[in-house]
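Hey, can you work out the whole structure from these sequences and the hints?
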Amino acid sequence: MPNKNSLIHLSLAQAREGLDKKDFSALELTEAYLKEMEAQRDLNAYILELPEHALEAARESDKRLAKKEGGLLEGMPLAIKDLFCTEGIQTTSASHILEGFKPPYESTVTQNLKKAGAVFLGKANMDQFAMGSTTTTSYYGNTLNPWQRADGKALTPGGSSGGSSAAVAAGIAIAATGSDTGGSIRQPAAFTGTVGLKPTYGRCSRWGMIAFACSLDQAGPITRNVRDAALMLQVMAGHDPKDSTSSTRELPLFEAALGKGVKGLKVGIPKEYYVDGLDPTITQLWERGAQWLREAGAEIVEINLPHTKYSLPTYYVVAPAEASSTLARYDGVRYGLRVKGDSLDEMYENTRSEGFGAEVQRRILIGTYVLSAGYYDAYYLKAQKVRALIARDFHQAFQKVDVILAPTTPSAAFAIDEKPTDPVVMYLNDALTVPASLAGLPCLSVPAGLSAEGLPLGLQLIGPAFDEEVILRVGQVLEDAAAFKPFLER
Amino acid sequence: MSDQYFYEGASGPWELVIGLEVHAQINSKSKLFSGAATAFGAEPNTQVSFMDAAMPGMLPVINSHCVEQAVKTGFGLNAEINLISSFDRKNYFYADLPSGYQITQFTRPIVGKGYLDVELEDGSSRRIGITRLHLEQDAGKSVHDQHPDKSYIDLNRAGVGLMEIVSEPDMRSAEEAAAYVKKLRAIVRCLGTCDGNMDQGSMRVDINVSVRKPGAPLGTRAEIKNVNSIKFLTQAVHYEVDRQVSLLEAGEEILQETRLFDAAQGITRSMRSKEHAHDYRYFPDPDLPPLVLEKAWVETLRTNLPELPDAKKDRLMEEYELPLYDAALLVTETEIASYYEETLQALEAVTPKGAKLVANWLLGEVFGALNRDGKTLEDCPITPGALAGLVMEIQKDVISGKIAKDVFSMMWETGKSAPALIAEHGLQQVSDDGAIIPIIDKVLADNPQMVEEYRQGKDKLFGFFVGQVMKIMAGKANPELVNKLLRERLGTA
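Residue numbers (my numbering), protein chains in the order written: chain A, 1 to 490; chain B, 491 to 983.
Mixed in with the good hints, there may be bad ones.
In silico DSSO-like links for lysine-lysine, alpha-carbon gap of 27 Å or less [said to hold, decoys possible]: (1) K385/A with K932/B; (2) K114/A with K22/A; (3) K580/B with K382/A.
Honestly, the hints are just simulated from the structure, not real lab data. In this text, all values refer to a predicted model and were calculated from it rather than measured experimentally.
Set out below in structure tokens:
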């Protein structure tokens, strides 16, 4: 029986088992987390903490557990990224424009989690409207990475799901929801030594999830290990008639994919992912990862994804284009911030200038530009065509291999004050995550080693559409081989 | 005939070119992408879902009933149904457009090319091409006149499904444009896909008008918005043609612009597009996958269509030998055609002559009285069976057509049947020689001078004698019999 003070060290699977075995109660588990949240408030992982709400939910969990009616995630204390609408609870997408906004509805993903018994500890910090890779564009201050470098500088936990990744790494949430548009689950997971799963586009409902780029956004979990990711996905995913892009495919039992090993699987290594600026330790880690899989019985195959180099420019046309339109609803008319003006146009300008941060404004401007008359064909239409070619690259690759192995990021977490001031340099951080996003494919980032500075690094697995099972299965083999020691165990 | 298609300017004839965009509100209990209700006239903001208000994270889900309605309408327009269509966003900021974009079908509409045949008063008909029909959302309403410096927004209409039906620039006169809208309205009403109530805004027309010298390439067009009745449509076209011809003949140019029809003054006015010309930044809506229709489903809709106005018109002309114009008028609304056919069925026998007689009575007396009293066919005090009863009395020579009009008026007032009123007021036509001859003899005896003049060749006096007989018999004498007997007595038979 684990020591009650170390409850926060348990994985989600372990904690759930502990509840069934009555080693501790859901209330005790939640209390342990709430206590730790207080102790680590300087990380600023949460925009809003929900202690009362969480305690009440934990008590309800204990009642259901007593009646042996516990759900798959009964009593599990989670951090919820602040773009999932939670009924009656402030949901801001880390923006000023939605400050104080309490949705009168619950997102499908969080509703699924609640139905499975999960306890919500709070709303996790993030980049504003999920635009960013550092969680520094939040209106509510940046989140810190619990990991430290020798120089002691404050590090980014990645982004946009940086509050979620920091919370899971630091032991102030047992698992978290994130969302990934171009890498926003995988990159923060890699930067914090946690597991991040971006499901296939259409696997999780987007209903009630505040949109950034509708054709790319996908909810997914950030967890301590691969098994926990499978459990979270099981609950988060599923067809939702309220989302027209939600897949009607039946959900497999994701956990059942684990433990099957990789014998006979073909693992593709895309040579185009040796991008400029790739940290040499990452190259080495990638090669080591391939070696681990080979030793476990997989066949390593070099593959080509020839349009990879166009992914970033394509992404930075498509995503802002969609955002410029989707974010038009934040206009000061019906909800959220309104800054008065002498005319309707002036009210729009005042509200949106004050309500949106600089990065959001930049992307709205880019998006408006690429969709405007005279530029549409050269930018948006061209980007859509290239996007189709990128998807075709993957499709062809998956005729030859079962799964693709690549690094998650070109570098380890950097210090917040080292954040590139040139947005284009900043966007390079997404080079390895964006291609699969454009193709809508499922990806898993698994912590696999440390950088020269002792910071976590992740390896990424990319699977064919709707084959989350293969990335979970291979991910667990990598996890076992890497024997990565998470932040909490150091 | 051809001169009706030309406008006579100072410099000679001009040809009008008109194309119409009709926004028809889909007959559906719920909105195009949400479950909110669509009933007309509800309290402001009581029929608004989270989706309609563009709350964060809300997503559109297509209402399959609206799709069905669009496909049916497509069939009514003799148009191609596109099995794959898609939705785009039309982006612009306005306070009554909650999401900041309208979901529409810009690149791939659900219905493609088709046509409508319209019948004109001179008995001719014209074929007007349909470019497309696409699905789109309506916007909400801004109310500017309830507060000195605030506007109110009503989102009840936001998200209601519309069919935008775009015609080719095939119309050449206001009459054709009006006939087109009437025909379109007859079709959507027959199909039940739109109630066609222009006064409630369920059908709104944007008019594209230009003028050119006959045979010349198309001129620059103006688009006139906000036209919500057929009368206004006609007025707007007339005004706009006058305006454009005057400008051109004065050596000026026509601006391609959007104009508003001002119903109070009967004029069109430029909607000065302020400083920002609209760039709608259309792009495919990433929240909605392409709309894919199953061929079999579409075919089922086709086979279950009701009889369309044109088919009904052809059948009426074929079965009852009705002229085109009568048949076209009878099929403008399903209710009129039903009333007509029910009346025919109540006759003892249907002959072409009887069918034409019923058409005359329905289109003439019945509609005259309905219009006079501001009633519709639904609350018509004379049932089809009662009208048939009246027509049969005429056919059987029980009453003359003239007396029948009096009987009709009494039926309208009292709701009694024609035979009952004829009996009650003794209006029966007299067709008995024995009753008429003594009267004729009396008239001739009283007017010996005129009889003499008639016999000497003053034929016109025959009418005078008939008039005198009818006057004495209070119009009830059978006119044909009076003619016959009078000739006999005057010795001219």
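Outcome of the hint check:
1. As the CA atoms of K385/A and K932/B are separated by approximately 101 Å, the hinted pair breaks the 27 Å bound.
2. Pair hint K114/A plus K22/A holds up; C-alpha atoms about 21 Å apart against a cutoff of 27 Å.
3. With a C-alpha separation of about 20 Å, the suggested pair K580/B and K382/A falls inside the 27 Å cut-off, and the hint holds.
The structure is inconsistent with hint 1 alone, although it conforms to all the rest.
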